[in-house]
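Chemist: Going down the list, the sequences are from chains B and V. Just so we're aligned, residue 1 is where the first sequence starts under the numbering used here, counting upward by one. Just so we're aligned, residue 1 is where the second sequence starts under the numbering used here, counting upward by one.
Hints are computed from structural coordinates only; laboratory data are not their basis. Model, not experiment: these values are computed from the prediction. What you were told as hints is all true, and nothing was included just to trick you.
Keeping only pairs whose Cα atoms sit at most 25 Å apart, straight-line, the calculated DMTMM-like set for lysine to aspartate or glutamate is:
1) B:Lys207 with B:Asp146
2) V:Lys210 with V:Asp126
3) B:Lys148 with B:Glu105
4) B:Lys225 with V:Glu90
5) B:Lys125 with B:Glu158
6) V:Lys149 with V:Asp115
7) B:Lys94 with V:Asp229
8) V:Lys233 with B:Glu90
9) V:Lys225 with B:Asp326
10) B:Lys329 with V:Asp234
Each chain is listed here by its residues.
2 protein chains.
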Amino acid sequence: MKKQYLLAPGPTPVPPEVLLAMSRSIIHHRSPDFIPIIQQVRSDLKWLFQTSQEVITVAGSGTAGMEASISNFMSPGDKIIAINGGKFGERWLKIAQAFGVLPVEVKVNWGESVDVNIVAGLLAKDPSIRGVYVQASETSTGVAHDVKKLAELTKDRENTILVVDAITALGVTNLPMDAWGIDVLITGSQKALMLPPGLAFIGVSEKAWKLQSMAKCPRFYLDLKRERDNLLKDSNAWTPAVTLWIGLSESLKMMKGEGLEKIFARHSRLAKATREGIKGFGLEVFAKHISSEAVTAVVAPEGFDGEAIYKNLRNQYGITAAGGQDHLKGKVFRLSHMGYSDVFDIITAVSGVEMVLTRMGYKNKPLGSGVAKAQEILIQE
Amino acid sequence: MKKQYLLAPGPTPVPPEVLLAMSRSIIHHRSPDFIPIIQQVRSDLKWLFQTSQEVITVAGSGTAGMEASISNFMSPGDKIIAINGGKFGERWLKIAQAFGVLPVEVKVNWGESVDVNIVAGLLAKDPSIRGVYVQASETSTGVAHDVKKLAELTKDRENTILVVDAITALGVTNLPMDAWGIDVLITGSQKALMLPPGLAFIGVSEKAWKLQSMAKCPRFYLDLKRERDNLLKDSNAWTPAVTLWIGLSESLKMMKGEGLEKIFARHSRLAKATREGIKGFGLEVFAKHISSEAVTAVVAPEGFDGEAIYKNLRNQYGITAAGGQDHLKGKVFRLSHMGYSDVFDIITAVSGVEMVLTRMGYKNKPLGSGVAKAQEILIQE
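For reference, chain B alone in the conformation it holds in the complex (with noise of 0.2 Å):
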C-alpha cells in the first residue's frame, strides 16, 4: 500500500461526498429530476463569479472555455492584446490565429507579472483594440497578473472587453466579476471547484453580451448566446454531462458552506506557508512580483533537476506534484494548493520536497528547517 497525495494544478483532488453524489444512478436532463439542480447551479455560480449574469457551463475543458471566449466576442480581422507570460498566455495567440483574428503580444518574461502601464500604452494608442487576454493565475509559472488593475483599463471603454483566464484563479482568490468590471471570467472544473476535469465556465458581462451579436467568428458547439438562451429557461442547449452538473451542485454546497472569504483567506494562507516553507529550506520561489494563489513554482537548486525531484515525489512518496512546462521543464516544479487542500497537504508537500531533496544529497538546510516555516504561518488562523 502507498497513499497517493495529488497536488498538480488540475485536476486538483475531489472530495469523497462529490464523488459518491456523482455515482448515483444516472438521471435524464430534460426530466423534472434536473431542473432543481439547474437552478441551484445558475443561482450558485452567479455567487461563485460575483456576477448578477448567466454563467455559462459547457461540457469541454478549460480550454473550450478559452476558445469560447475569442470565438464568441471578436471577427477575424479584429485585433486584440494578448498577455503572454506563460504556457497558457500562449495559447491566447494560437487561438486567435485559428480564428483568423490578430492579437497584439505583449510578451512578459516567464516568472513576471504584466507591467499594466505597457497595456495601457498600446490601449490609449490604439481605439481598435477590441479585447485585453489575460491570465489572473498563470499556471505554467506560478504568477498572477494584475486584473483589477487592467479592468480600470478597459471598465469605460465599449467596445473593449477584458477577458480573464481563471482557471486556477476562480474561487481562489477575489475576482469580483460585476464590481471590478470583468467582461469574460473564465473558469475550468478540475481546479478550485473540486470537480473531475470535463466541464468550463465563461461568465459574460453586459458589454461582452453586445459584442456577442456582432463578433462573426463561427461557432456552433460553444455559442454561449444559445446556452443562456436555454438557461434562461433552465434547460442546456446540448446534451450537459450530467454527473459532473451533479457534483458541481455538490462542490458549489460545500463551497457555500465556507463563504468566499473565508476560501480567499484559506487559499492565501495555504499559499504564504508554502512559499515561505520552500524559502525556509533554502530554495526558490519562481514568481517574481505577484505570486498565484493556486500553484507555486519552486525554482529547483542549482545542480538538481526538477525534473528528478517530481519524479521522485511520486516514486518515492506517492505525491504527484506537476514538473516545469517547455523551457522550464527540469528548471522548476510546481505544487498546487488550490481547491480540496488545507494545512496538512501543505506540511505534506513541504516535508516531500524536503526528504526527496535530502535523499538526493542537498545539504544547504536541514529536514524540518522548512516545514517549520510553513507551520509558523499555519499556526496564525
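Go by the hints and put chain V onto chain B.
Modeler: Here is chain V on its own, set in the frame of chain B:
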C-alpha cells in the same frame, strides 16, 4: 419509494460497476497511472469502431463531435450533401452554415429513410461535393439510414468523405468503419457506451485525414489532428475528462466481454420485441422503412396526446421515456432499448405503455396483448 426506469435515448442507464469506477479517487491525466487507461481505451475503441485508425475522444457532447466532423474536413465554400430527416439531420445544416460550408440538402420526410438514389444522382452530377453527412440512426424519429449503400457511393471518390453520425447507432448495430469505407464515424458516451454524457468520439479514415490537412475551417479545441498526435504518445491535447475516461475503460471492458456480434444481436432482438410489443397493443411504429435498433418512436393513437403518454409514464410508473421533438411533439413518444438494456427493460416499457394508455381510456387492445408479442420475440434466444 418509487423505482425509476430510464428508457430515454440518452442518457441511458449507467451500470453500477461503471458508476463505482468513476467514484474512485481522481488521478492525474499526465501521471503514469493514466497511461494504461489511455492505451486500453485506444485499443478498445479501435475494436468498437472496427478500424485500424485512431479514434479521437473529446470532452464534449455529441454535437461537439458533429461540429468537429465539419470544421476539421471542410473549408468555407465547400459543398456537402446533408441528409436531413429529423432534428439531428437539421443540425448538419446549422453547423455547415455557421462555418460557411454550403449544404446541398436532401430533405427526407420525418419517419422515412433516405432514398440512396437521390444521393447517387447528386454525387454523379457534381464532382465538387466534398462530403455526404448522414445519421446512421436519427434519434428524433427512430429511423435508420442505409449507411452501407451510401458508403458504396463515396468509397471510390478521392475527395468525398462519408460522415456518419452514429451517436445512437455505434455499439448498437454493425457499422464496420474500415470494411464499409466510412470516413468519419461519430458517437457519444451516453448512448450504447453506457456512460454519462460528456465525451464524444470520432473515428477518422486515412482519406479523411488527407482532407483534414487541407481543410481551412477554423478549429482549435476540436482540432482532431492535435488530439491524434497526442494519442500516438498516449497523451491528450487538453485535460481529458478523467472520470469519464475511467468509466469508459470499464464499459469498454464490459462490451468486449459480451462481444460485438452478441451486442448487435441483443439490440436487434430488443428492438424487434419493442416494435412487436407496440404493434401487438394496436399501436404504430413511426419508422416507415428501416427502423433504428436503438430507439423506437411510437405514434400516439388517434385521440391520445403523446406528451401526456410520456408524462404519465413518468408520473405514474417512474419510467423516463422521451417525447416527440419539434413538429412531432404530442404525436409520438420514444422508447430506448440501447446500451445497458435487456429483456425486462422491454417488458417494462411495453407493459408501462399498456397500463398508461388503458388508464387514459384506450380500449383497442386488452392489457398484456403487447407484452405477449414482445415475449414471443424475447423467448427466442
